[in-house]
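> For reference, the chains in residue letters:
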Amino acid sequence: MIELDRISRGFQVGDQLVQALREVSLAINAGEFVSIMGPSGSGKSTLLNLLGLLDRPNSGIYRLDGADVTGLDDAAAATVRREKIGFVFQFFHLVPRLTAAGNVALPLLLAGMAPSERKAKVARLLADVGLSARAEHLPSQLSGGQLQRIAIARAMSMNPALLLADEPTGNLDRATGREVLALLEDLNRRGTTLILVTHDQEIGARAKRHIAMEDGRVVGDTHPSPAGGGEMP
Amino acid sequence: MTLADTVSLAWGSLAHQPRRTLLIALAMSIGVGAVVVLTALGEGSRRYVLEQFASLGTHLLIVLPGRAETTGASPGVLSGQTTRDLTLADADAVTRLRGVARAAPLNVGVAQVSRGGLSREAVLLGSTADMLEIRHMRLGQGRYLPAGPSDQATPVCVLGESIRAELFGAGNALGEWVRIGDRRFRVIGILATQGQQMGFNTDETVAIPVAAAQQLFNTESLFRILVEARSRAAVPAVKESVLALLKARHDGEADVTVITQDAVLATFDRILTALTLAVAGIAAISLGVAGVLIMNVMLVSVAQRRSEIGLLKALGAPAASVRRLFLAEAGLIAVLGAVGGLILGLAASFVLGRLYPALPIAPPLWAMAAAVATALVAALLFAWLPARRAAKLDAALALARR
Ligand SMILES: Nc1ncnc2c1ncn2[C@@H]1O[C@H](COP(=O)(O)OP(=O)(O)O)[C@@H](O)[C@H]1O
Ligand SMILES: [Mg+2]
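Chains as they are written, first to last, in the working numbering: chain A, 1 to 233; chain B, 1 to 402.
If we strip away everything but chain A, and leave its shape as in the complex, we get:
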C-alpha cells in the first residue's frame, strides 16, 4: 500500500541544512503492523509526517495505494488525509473546548457528514473504545489514557486504511500504555495498517515488523513473524 522511493527531507536551520531523512526507500503492505524505533532526532516523526501527507519530501517519490501522492496540492492532500489516514499523537491533541463526542465528530464534520448520521457514528466509535459514559466530558475532565482512547476513536471515525501513531504511549504510564496499545492492535487485527513510532522496547516488540532508524536512514528492517509482508528494498 505504501511505497517510498529514495525519499529525502532536509530542514534549513539558519545557514545549516539538517538532513532529517536520507534517501529512505520502504514498502509497507496493507494490514501490516510496523514499529519504527530509533534515537531521538533520527527522523521518525519526519517520516511519519511525510507518510501522513502533512509534509513533503525534497526529493523522492511516495506512492499510496499505487498513486503518486508526492506532489499533491493542498486540497487534494487534505482529501487523502481525510479519507485514508488517521493520526494519533503523543500529546493527544484534543480540542479543549469540545467534549469527547465533539472531538470524535471533528473528522466527520470536516467531511461534511449530516449531524444526525454523525451522532450515531460518534456513539458507536465511543462505544468501541469503551468511553460511551464520557461522551459529554471535556478533555480537562479525563485521564491521559481516556484522552488517548478518544483520540484513537477520532482517528478511526472515517475508517482510514492507514493509522499513523507517533509515540502514542509516550505520555502514559506503562499499564495505561499497554491498554492503548491493545486497542491499536485490535484495530490492526480488523485490517487497519498500523505504523507506530515508539521509544518503548516492550511496545515496539509487539509489532510484527520492526524498522530501525538512525540519522535519517533505515538501518534495520526485521520480520520476526512470517505473517509480515514487507521486503527490504
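Read the hints as simulated data drawn from the structure, not as lab findings.
Among the hints, erroneous ones may be present.
[To be verified] Here are the computed lysine to any residue pairs in the SDA-like style, where the Cα-Cα straight-line distance is at most 25 Å:
{"no.": "1", "chain 1": "B", "residue 1": "LYS247", "chain 2": "B", "residue 2": "ASP269"}
{"no.": "2", "chain 1": "B", "residue 1": "LYS392", "chain 2": "A", "residue 2": "GLN12"}
{"no.": "3", "chain 1": "B", "residue 1": "LYS239", "chain 2": "B", "residue 2": "GLU220"}
{"no.": "4", "chain 1": "B", "residue 1": "LYS392", "chain 2": "A", "residue 2": "SER59"}
{"no.": "5", "chain 1": "B", "residue 1": "LYS392", "chain 2": "A", "residue 2": "LEU17"}
{"no.": "6", "chain 1": "A", "residue 1": "LYS121", "chain 2": "B", "residue 2": "VAL7"}
{"no.": "7", "chain 1": "A", "residue 1": "LYS84", "chain 2": "B", "residue 2": "GLU220"}
Following the hints, put chain B with the ligands in place on chain A, whose structure we already have.
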C-alpha cells in the same frame, strides 16, 4: 465542511473566550452606533430645515431685479445696459397672471421708529395686504395693511411684537400714532410673535403700505415681488409666465430673476445630505479602527491555537476550510457588534429625540444598512490576514510542540 458546521465551530471558539469576544464586539458596536446616531442627527437636521422652508410655503416664487444667472447673454453686456427696475405696476401685472393666487411687492429698509420720547431702529417692510398670507404671518391684534390700490400711501402701520412692547409697554397701541422717519403713521395692527423666518425676525419689523415706503426711501423701484402660485404643481408654469410677462413689460429685456422655493429647497437638501454623508463617513472610520482591533486579536488567536489548526489540517481540513473558519469567527463578531451597535444607536437616537423634540430624529434605513455592511466588510477584510496565516500554517510543525 458545511456552512452550518463552520459557523457553529467558529461560534464555539468565540463563546470559549467570552470577554475577548464581547470586547471586540463592543468596539464594533460603538462604530455602528456612532454611524446610526450621527446620521440620525444629520437626517434630523435636514428634515428640520426642509420643514422650516416648507412652512414658508412651497408655492412661493421670488422675483428680483437683475439677472443672477449668466446663461445666454454675458454679464458684461447686461451691466452695460440700464437694468430696468421692478415697479409697482409690474407687481400689479404679475398679480393678474393665470395660476397666481396672490402677489405682493416688497421694499425693505431700516428706519427710526419713535413714539413720544421712545425711539428705536426697525426693519421697515413696505408691502400690501397679501403679504400676510404669502409669508404665513399671524396677526395678534387689529388688521394688517389695507387692501386696495398698491400705489396708495395710506399712513398706517403694523408693528412687530417686540417693537410694540418697546414703544408702548403695557399700554394700548392700536389706533395710536408713531413717527417713522419724518412721517406719522397710525398703528392698525400688531403681529403675533413668531420669531425668525427666512432671515427676518418678524417681531422686529414694522410693515407699512409699499407706496409709503417708496416715498420714505425716495425710490420708484421694488426690492422683490413675492408671488404665491395656486398650487405646487403650478410653480414652474407661473415662473415661465412671470418671466415672459416682465420681459414683455421691459421692452423684451429678460432682466429679472425668479427664484422658486423648490430650488432653494433642493440646494439645502443637497448641502445637508452631503453633511450627513460626511458625518457618517467619519463615524465609519471607527469601524476601521475596530477592524484593526479584530486583526490584532485574531493574529494572537492564530498563534495561540497553532496546535488546533494543525490538528484540523491533519484531520483533513484543506487550507480553504481553515481560512473560512477564521473568517466566520470575524463575521460572527461583526454581526454581534452590528446588532449591539444598532441597539445602541437607536437607543441614543431615542434619547436625543426626547432631549430635542423639535428635531425629527430618526436614523435613516440606508445608514443602518450601510453601517452593518461596513462592519461586516471591515471585519472580513481585517480578518483576511490572520485567516490566511492560519490557513498557511505548517501542520507538521504546529503539531510537533517544539
Ligand atoms: N521543522 C523542522 N525544522 C527544523 N528541523 C527539523 C524540523 N523537523 C525536524 N527537524 C530536525 O530533523 C531531525 C529529525 O527530527 P524528527 O523526525 O523529529 O526526529 P525523531 O522524531 O526521530 O525524534 C532532527 O534533527 C530535527 O531537529
Ligand atoms: Mg519524534
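> The structure should be examined with respect to each hint, and the outcome stated for every one.
Verification of the supplied hints:
no.	hint	verdict
1	B:LYS247 with B:ASP269	violated (31 Å)
2	B:LYS392 with A:GLN12	holds (18 Å)
3	B:LYS239 with B:GLU220	holds (24 Å)
4	B:LYS392 with A:SER59	holds (22 Å)
5	B:LYS392 with A:LEU17	holds (23 Å)
6	A:LYS121 with B:VAL7	holds (22 Å)
7	A:LYS84 with B:GLU220	violated (103 Å)
Going through the hint list in order, the structure does not satisfy hints 1, 7.
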